[in-house]
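Trainee: This is what each chain is made of:
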Amino acid sequence: MSAFLALVVKDVRQLLRDPKTMLMVLLMPIIVMALFVAGYGGGGGEVPIAVVDLDGGKISWQLIDFLRNVGDFRVDYFASTPEKGEMLVKKGKVYATLIIPEGFSEDVLLGRKTRVELIIDSSYAHISELIWEALNAAVQEFQRKVSEKYNTFSITVNKRTVYGPQVTRVENFVPVVMGILLHLVPMSLIAVSISRERERRTFEQLIVTPINSSDIIMSKLLAYALITISDMVVTLWVSVELFNVRVKGSFLDLLIVSSIMLLCSLSLGLLISVVSKNQLQAYQTAIFLFIPSMLFTGFLTPVELLSGEVRLISKLLPLYYFLRTFRNIQLRGWTLYETIYEVEVLAFQTIFFLLLSIKLLKLRVE
Amino acid sequence: MIYAVEATKLTKYFGSFKAVDSIDLKVRKGEIFGLLGPNGAGKTTTIRMILGLLKPSAGTVKVFGVDVAKNRKEVLKITGYMPQRFSLYEDLTTEENLRLFASLYGLKGRDLDERVGELLDEFQLREYRYRLAGKLSGGTKQRLALAVALVHKPRLLIVDEPTAGVDPPIRRYFWEYFRKLRQEGVTILVTTHYMDEAENCDRLALMNRGKIVAHGTPQGIKRLAYGGDIVELYTERRALLYLKSFDGVKTILNKDVKDGVLRVKVLVDDASDRLVPIVKNLEEKGVKVLRANQVFVSLEDAFIKLTVGD
Ligand SMILES: Nc1ncnc2c1ncn2[C@@H]1O[C@H](COP(=O)(O)OP(=O)(O)O)[C@@H](O)[C@H]1O
Ligand SMILES: [Mg+2]
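Heads up: the sequence lines are chains E and B, in that order.
Just so you know, the first sequence maps onto residues 0 to 365 in numbering that gives the first Met the number 0.
Just so you know, the second sequence maps onto residues 0 to 309 in numbering that gives the first Met the number 0.
To be clear, the hints were calculated from the coordinates, so they are not data collected in a lab.
A few of these clues could be false.
As the list claims (entries may be wrong) - Cut-off 25 Å, straight-line C-alpha distance, at most; resulting in silico cross-link-like pairs (PhoX-like, lysine-lysine):
{"#": "1", "chain 1": "B", "residue 1": "K134", "chain 2": "E", "residue 2": "K361"}
{"#": "2", "chain 1": "E", "residue 1": "K92", "chain 2": "B", "residue 2": "K304"}
{"#": "3", "chain 1": "E", "residue 1": "K358", "chain 2": "B", "residue 2": "K76"}
{"#": "4", "chain 1": "E", "residue 1": "K361", "chain 2": "B", "residue 2": "K54"}
{"#": "5", "chain 1": "B", "residue 1": "K54", "chain 2": "E", "residue 2": "K276"}
{"#": "6", "chain 1": "E", "residue 1": "K19", "chain 2": "B", "residue 2": "K134"}
{"#": "7", "chain 1": "B", "residue 1": "K54", "chain 2": "E", "residue 2": "K358"}
{"#": "8", "chain 1": "E", "residue 1": "K358", "chain 2": "B", "residue 2": "K69"}
Chain E on its own, in the form it takes in the complex:
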């Protein structure tokens, strides 16, 4: 066995024999499932919306029917006035209300320009953006179909945003869970790995053998990845199979970006490990780094609502890129190729953290 593989085997063994690590690794999927049960708002994969049909004509009914059949939306309420429709959004009953104005059918039949209005809940920027895109697409599709039968006409969609209460929905929830699972947990686990060897003095015996600092860094990366990757797969599987989380894109793509994120978190954790004086400091640094990740990457608050300076910080944090890619694939159905920029940034950050760790890890006991 090569020195590198021997080190991987050694680290895996040590992790498997460490009760604290194993408790964390085994408990994680269970905690995640509990979070799902607690956070699961029901309602399946369709986005609930309300409709205010001021027109009441034939074409407006066709539009509503069309939207119902697209599969993305579920019309939960019909409101009689735009004000009532807006209240439904503000109360969080629906994500959006579509207002079809008076004279809509007439406009269409006469081939005139017309419009509809959409009131969107922007508490979740990514969801409102998706609804906006999906509704626009649906309306354009509707327009194309109907134009074949009647005269050519055009519909514009006017958007108005309001803030509703932050309704927990399982789609929102998955990236958050994955963020904790793929960022905080692996980062803090591996962050103490080198200080622990220093504190137990095993580092001194280890580095009098003719190995390189890259052997140490890369073997730890691989060992910790092997131990933590099962949690990631289990969690994704649980989300999709047991909680019917819709993944519009490919599941394989999600696995790939999640794996890259895992490696990136481990690399950042290793960097912390290399520069920390002791285990306590390493833990604190890992948790301290997770706070801006939680606040500034769209984890809790949409990045779009943050100020300019804070958004600059966001763009330094791996979790920001991961959450974007993840949502692009999960909610928008993009392929890996379509969201390749974020994937590249993540991969670049991973390599950067690794090279820096290798460079900074001194094979000395000072």
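Keeping the supplied structure of chain E fixed, place chain B with the ligands upon it in accordance with the hints.
Mentor: Chain B with the ligands in isolation, oriented as in the chain E frame:
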């Protein structure tokens, strides 16, 4: 001449504290070299600099002619190290530790299996092979640590206080083992703060407060401390008339007379050369010598004498 270890003007500061102060060390090939000194003298720091574990503040180290600062890996390949405190993986078994370090030193396949088997037998570790290292007794831990240090058959073995806090039988075992290794051509650099143990070394360096206060053979160091060997004679008073004029006699240290017998301690340059001629010369002059012997001086006494006023 290429030395096994050659340190020149080696210095280490921790902040403004000088833990090792410009020391020179020359360890010859194939000898047991002892670095002797009380706790805090700077022995561990010196050893760590020799292994490249600490960066010297000044000075250089060569191991078998190879500069540690420039080519540390080459040095590590031919050097085994047993640290002062147990530093193996306590959550790995005896055998897992041995196999891990064998792999790290580049052993593979059959060679690795064979070497690990040899060491398990050599150090009586076979019955503990599946036991976690953390669960071994003190003596067994020490044997395992030595086995790991020797896993790649190093030319130089560096051992930091192998006998500190262990039972006398294990101390004896270690020194016997070092002599056996020396016979196989291994050079051994060992530190200790037990002065009595240091008598086992071929040559010594006495260290105190970061400085080397003396070096040489155990006997050489004692001579240095006293300015020569001490010889004790039980003889007649008349001996005093002649003693000072004999070759090699430096001075008379003390004398007393009891029941008409003179007991005198004489400092000579070399007891093994001078003792017999002194007795012969006295008897030629008709002075009866009842008893003559070299006085045993402990290294501890020598050390105290050498460090007084430091
Ligand atoms: N990493 C360190 N930082 C600061 N002081 C140290 C460090 N290592 C050792 N020392 C100090 O250097 C001196 C020599 O220590 P050491 O080499 O361990 O002595 P010895 O091995 O002879 O007992 C001691 O006073 C010790 O406190
Ligand atoms: Mg020491």
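Trainee: Does each hint fit the structure? Answer for all of them.
Mentor: Outcome of the hint check:
1. In summary, the hint linking B:K134 to E:K361 is not supported, as the alpha carbons are separated by about 31 Å, beyond the 25 Å threshold.
2. Note on E:K92 and B:K304: the hinted pairing is violated, with a Cα-Cα distance of about 93 Å set against a maximum of 25 Å.
3. Proposed proximity of E:K358 and B:K76 is supported: the alpha carbons are some 22 Å apart, at most 25 Å.
4. Among the hinted pairs, E:K361 with B:K54 is consistent with the structure: their alpha-carbon atoms are about 11 Å apart, no more than 25 Å.
5. Proximity of B:K54 to E:K276 is assessed by CA-CA distance (about 18 Å); at most 25 Å being required, the pair is judged to hold.
6. At roughly 19 Å between alpha-carbon atoms, E:K19 and B:K134 fall within 25 Å of each other, so this suggested pair holds.
7. About 17 Å separates the Cα atoms of B:K54 and E:K358, which keeps this hinted pair within 25 Å; it holds.
8. Restraint check for E:K358 and B:K69: the C-alpha separation of about 17 Å stays at or below 25 Å, so the hint holds.
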